[in-house]
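Line by line, the protein sequences give chains A, B, C and D. Each residue of the first sequence is one higher than the one before, starting from 64 at the first, in the numbering used here. Each residue of the second sequence is one higher than the one before, starting from 64 at the first, in the numbering used here. Each residue of the third sequence is one higher than the one before, starting from 64 at the first, in the numbering used here. Each residue of the fourth sequence is one higher than the one before, starting from 64 at the first, in the numbering used here.
Take these hints with a grain of salt, some might be off.
Because identical chains share one entry, a pair is satisfied inside a single copy or across any pair of copies.
Stated by the list, open to error - Simulated pairs of lysine-lysine, DSBU-like, Cα-Cα distance not exceeding 30 angstroms:
1) Lys157 to Lys139
2) Lys106 to Lys167
3) Lys157 to Lys114
4) Lys167 to Lys114
Think of the hints as simulated: they come from the structure by calculation, not from any bench.
Protein chains: 4
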Amino acid sequence: MSKAASPAPEFTTHEEVMFFDTDVGGVVHNIAYLRMIETCRTKLAATMGMKLSDMAETGLFPVVVRTEIDYRRPAKLGDELEIHGRLEQLNGVKFWCAFTVRRKGDTENLITCRQALAMVQMPEGRPQRLPADWKDRWTTDSKS
Amino acid sequence: MSKAASPAPEFTTHEEVMFFDTDVGGVVHNIAYLRMIETCRTKLAATMGMKLSDMAETGLFPVVVRTEIDYRRPAKLGDELEIHGRLEQLNGVKFWCAFTVRRKGDTENLITCRQALAMVQMPEGRPQRLPADWKDRWTTDSKS
Amino acid sequence: MSKAASPAPEFTTHEEVMFFDTDVGGVVHNIAYLRMIETCRTKLAATMGMKLSDMAETGLFPVVVRTEIDYRRPAKLGDELEIHGRLEQLNGVKFWCAFTVRRKGDTENLITCRQALAMVQMPEGRPQRLPADWKDRWTTDSKS
Amino acid sequence: MSKAASPAPEFTTHEEVMFFDTDVGGVVHNIAYLRMIETCRTKLAATMGMKLSDMAETGLFPVVVRTEIDYRRPAKLGDELEIHGRLEQLNGVKFWCAFTVRRKGDTENLITCRQALAMVQMPEGRPQRLPADWKDRWTTDSKS
Chain A
64 MSKAASPAPE FTTHEEVMFF DTDVGGVVHN IAYLRMIETC RTKLAATMGM KLSDMAETGL
124 FPVVVRTEID YRRPAKLGDE LEIHGRLEQL NGVKFWCAFT VRRKGDTENL ITCRQALAMV
184 QMPEGRPQRL PADWKDRWTT DSKS
Chain B
64 MSKAASPAPE FTTHEEVMFF DTDVGGVVHN IAYLRMIETC RTKLAATMGM KLSDMAETGL
124 FPVVVRTEID YRRPAKLGDE LEIHGRLEQL NGVKFWCAFT VRRKGDTENL ITCRQALAMV
184 QMPEGRPQRL PADWKDRWTT DSKS
Chain C
64 MSKAASPAPE FTTHEEVMFF DTDVGGVVHN IAYLRMIETC RTKLAATMGM KLSDMAETGL
124 FPVVVRTEID YRRPAKLGDE LEIHGRLEQL NGVKFWCAFT VRRKGDTENL ITCRQALAMV
184 QMPEGRPQRL PADWKDRWTT DSKS
Chain D
64 MSKAASPAPE FTTHEEVMFF DTDVGGVVHN IAYLRMIETC RTKLAATMGM KLSDMAETGL
124 FPVVVRTEID YRRPAKLGDE LEIHGRLEQL NGVKFWCAFT VRRKGDTENL ITCRQALAMV
184 QMPEGRPQRL PADWKDRWTT DSKS
């Protein structure tokens, strides 16, 4: 890691819980959080140089290869949520992002989540190496 | 219409209402029915010769250009639903399908829906003529 | 309509097209627009006095009873969309909202949509009268 | 574990990949598998005595508290998938289910997934003990 490395990139998005996010149990459905996390992850990726508008043309996509998500407390209709994501680790051809979902202004985690991604060239589905400069650009828990 | 025309193609699919179909109002969310209808429409299209496995290769897709849907009575968690679709009308470059959603074994419509589709060549997005033999093959409310 | 009636309420929301909005045809899936429209409709309803946070408690929900949607041109991954909604008509126990989806800063409609809603008391599912003051508050194409 | 314990309950569901399951990358979107897994899990739960039609009335729901999912190979439009679920482990107030997604008749896993669930009394959100007889009824990797 170079001396000039920046802190790991992070990004926060905001969502108001809509009807389509909820289920008959009265709270947000477990799958709906993953859509919110994808929006956060996409904006985080854009700050790292991966633009959506480029991807459809180049066919080089960041692809989720593993998700771990813990549902700690439920969110409800109308809640204003903050989804926070950050680059956590570079690990060979994979990079890990970590997310939390909280109510706005609150410090309690409703959701914690980690996702591993790989850069994949579509339509062949061939994993690509991560850009060589990533591990020098940002301070992460990188493994060599 | 030729003398040998068959009745319009139709298809029935079955769905059990899952949590992800419902919302905090206690009933099926309005958007969820459109997913059920797409499944029925896709199976109906297969009987008409449009196979999913061909589409990704040829890039020729039946594309929804208009949906009209009436929500008459709500379905609930665990309901067993029958989605019935049929080819209703051929109209220039468009064809219309009509759908009902009912509880299994019931005659009351929960949902009625009509969708107009066009055959579109992707990625250019160019609408194609409907296959010439369609109006001879099936008895529909076709307009010339 | 009273002389003091305000223009019909309207609201604009913004969405960036995510992967989960798209399908293998390379464009936004037809159902995804309805989620964007629901978000716009919910914010529009809030300006009219219907707050999400109240609904779960009172059980009085604005329920979609009919949707008409025309898919005119497709949006693509990464597009920045503006969804514009306005109260269009009061009609007995129903009110109609009209929506357009456009690319940011563009004047061409990708999507036009109208939805009729009723105020429904859940869990009984009993439609309620619209608030008596609505037709005096706003200038709409109201039918008596 | 009693001598009379049965093998752990398992269930297999079938899905044909629809347009709404896919994204612009040309394959099934990562979130769509979780909907398929929920359908399998719900049918598996029914075999264990948890019926959807009872839940809305009793307010006692099996709630996902953790998901771990590995995306190994992508499924494509029109693929016929088999989702296999089984009760894997009883662990205090939680039970774990394990899932695989494969193409019909194939032995290669596209997706592997584990989910921990708790029985929660809604709307209070209070976790309940698992039924006392579960650990005697089925042979699982139960921890005391």
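Can you give the numbers of the hints that this structure goes against, from lowest to highest? Structure breaks no hint.
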